[in-house]
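> Each chain, written out:
2 protein chains.
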Amino acid sequence: MVQSSDRYQSRGGQTSGIRRRQDPVVYPAALPPGEHALSEHQLAGYRRNGFVFLKNFFPEDEVALLLGEAQRMVADAALRQSEEAITEPGSDAVRSFFRVHQLSALYGRLAADARLLDIACQILGDEVYVHQSRLNLKPGFDGKEFYWHSDFETWHVEDGMPRMRAVSCIILLTENNEFNGPLMLIPGSHRHYVVCTGETPEDHYKSSLKQQDIGVPDHDSLSFLVAQGGIRAPKGPAGSVVFFDCNTMHGSGSNLSPFPRSNLFFVYNAVSNALQMPVCGLKPRPEFIATQQDFTPLRRETGPLKPVVR
Amino acid sequence: MVQSSDRYQSRGGQTSGIRRRQDPVVYPAALPPGEHALSEHQLAGYRRNGFVFLKNFFPEDEVALLLGEAQRMVADAALRQSEEAITEPGSDAVRSFFRVHQLSALYGRLAADARLLDIACQILGDEVYVHQSRLNLKPGFDGKEFYWHSDFETWHVEDGMPRMRAVSCIILLTENNEFNGPLMLIPGSHRHYVVCTGETPEDHYKSSLKQQDIGVPDHDSLSFLVAQGGIRAPKGPAGSVVFFDCNTMHGSGSNLSPFPRSNLFFVYNAVSNALQMPVCGLKPRPEFIATQQDFTPLRRETGPLKPVVR
Chain A
120 MVQSSDRYQS RGGQTSGIRR RQDPVVYPAA LPPGEHALSE HQLAGYRRNG FVFLKNFFPE
180 DEVALLLGEA QRMVADAALR QSEEAITEPG SDAVRSFFRV HQLSALYGRL AADARLLDIA
240 CQILGDEVYV HQSRLNLKPG FDGKEFYWHS DFETWHVEDG MPRMRAVSCI ILLTENNEFN
300 GPLMLIPGSH RHYVVCTGET PEDHYKSSLK QQDIGVPDHD SLSFLVAQGG IRAPKGPAGS
360 VVFFDCNTMH GSGSNLSPFP RSNLFFVYNA VSNALQMPVC GLKPRPEFIA TQQDFTPLRR
420 ETGPLKPVVR
Chain B
120 MVQSSDRYQS RGGQTSGIRR RQDPVVYPAA LPPGEHALSE HQLAGYRRNG FVFLKNFFPE
180 DEVALLLGEA QRMVADAALR QSEEAITEPG SDAVRSFFRV HQLSALYGRL AADARLLDIA
240 CQILGDEVYV HQSRLNLKPG FDGKEFYWHS DFETWHVEDG MPRMRAVSCI ILLTENNEFN
300 GPLMLIPGSH RHYVVCTGET PEDHYKSSLK QQDIGVPDHD SLSFLVAQGG IRAPKGPAGS
360 VVFFDCNTMH GSGSNLSPFP RSNLFFVYNA VSNALQMPVC GLKPRPEFIA TQQDFTPLRR
420 ETGPLKPVVR
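If you read the protein sequences in the order shown, they are chains A and B.
Heads up: take any position in the first sequence, counting from 1, add 119, and you land on this note's numbering.
Heads up: take any position in the second sequence, counting from 1, add 119, and you land on this note's numbering.
Keep in mind the hints are simulated off the structure, nothing from the lab.
Hints are not guaranteed to be accurate.
No copy is singled out in the list; a pair is fine if it fits within one copy or between any two copies.
[What the hints assert, rightly or not] With a cut-off of at most 25 Å between alpha-carbon atoms, the simulated DMTMM-like pairs for lysine to aspartate or glutamate come out as follows:
(1) 174 to 332
(2) 325 to 261
(3) 402 to 332
(4) 354 to 195
(5) 354 to 207
(6) 354 to 294
(7) 402 to 154
Predicted, not measured: the structure shown is a model, and the values here were computed from it.
Work out the full structure, taking the sequences as your base and the hints as a guide.
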């Protein structure tokens, strides 16, 4: 079901190609910027490139807490059996846990941390809620790749996110280096919308979260974007943070190194951009993948992260 | 069939682990070094790291010839059907052509080029012949990874190469960069021999050339080697060359970028190290993978590469 009024049609009979973005990247400020907002220089870089890399953002003791929590979750057999656990294609190894801001009190606290929230609100010019959260684990030796994609394309088509007014935040829990399959971004790609071909199948998420075949950009469009902006792979120690626009084309390679690559992924969506019905006409994806029940804005939490008493 | 006198036992009931190399890396010179031999400094680096990277080794016009020949071979439908053509797992795309120094007059001439031969003879302290040659193609967008391996382990077990007295030479036909799955090497790994578990199946090469599961080093050994020497991925323009020891642990990641990564691969073996019977007790691999018929030393060819008249 293609709605002709849809600014960001994709799949459902569309031919592949590139359209212009029809939304701002940085939204007008509704309120004065918070204490932890980006500098003008950083914000200009974000507007231009579609991402900003903040090296050594969290101090070591807080990073140790966050990594410890990830290790606890991976060791939790019941959690590995839950629907929130996505395994690698052809194996039982966990690739991602979803909804971690609700599964983990520590990660819930982190999602609302003023140091992150001030930036998300500054970029989106609105109050925000968590549209999706996940813990991504790319083990050493055989961590698998994520092919290039715009998250917004999927969120729009499969979740009914109306406009490009969301920002993703990745918190590195392990060092990202040249060899462990770091996040790769195409600078400037957020200003283009790559229309994808194909029809979304029912329950697409059950396979697409392991390996995506539908909603995948074509080679010509990717070549165009890379010719314009190149590829960048931010590298840095655990505790570094990347904010990137919901429409920035990104992916990551395989990890043959002995170094695991783990990160946390929070998607902040403007409350004014809350989900409507999926554009593809199918039933919405489950709540653990795309928040639909509760768009209450996050309340800013300040001070360092502390161990959660169990 | 494991021979107890074998210095480099592997598979066939062995448990995984690391043994010391029992052969020199750089052999005593039999003759004065040739005109194009490595400098003492370069040779010392090769001895220490197990490889040497020679940036911008061939001039642009010769590189263009070599790349054109690769494109001609890929476009040759009959050649793509030959046994020398190895396809990607699960696809018809060519991953490698073998025996290219005989399939292509230009590549045959290149294999004997004094600029390469002088270095191979200097390192091995002997005359040399081509044990194996191939053209490796890693296409953009979906080039697949090669997992870590020591070539010598396979050549010893499956081809009957007696000692570590061979050197591989890679000629970059396209730029190798951070994003197109460049060759990765573990410096210093050539001084260790990683014994692999498993039994070699009959006709192992038919699957192993696509994706190797037997003769694969274990995680603990790889972690040890990387902890000692780290990982290096030489990057540079087309025409650059890497020489690496037959026992240097290496691999390469996937290629998600739009940039194809193509290279030529010649293995020079000392004539005094010519093949015997495979250690695994199976029949030898085909001639196009491992030269067994003719160990005649290469004769040095000088002057620039020229187009081959067809």
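> Need the list of violated hint numbers for this structure, in ascending order.
1, 4, 7
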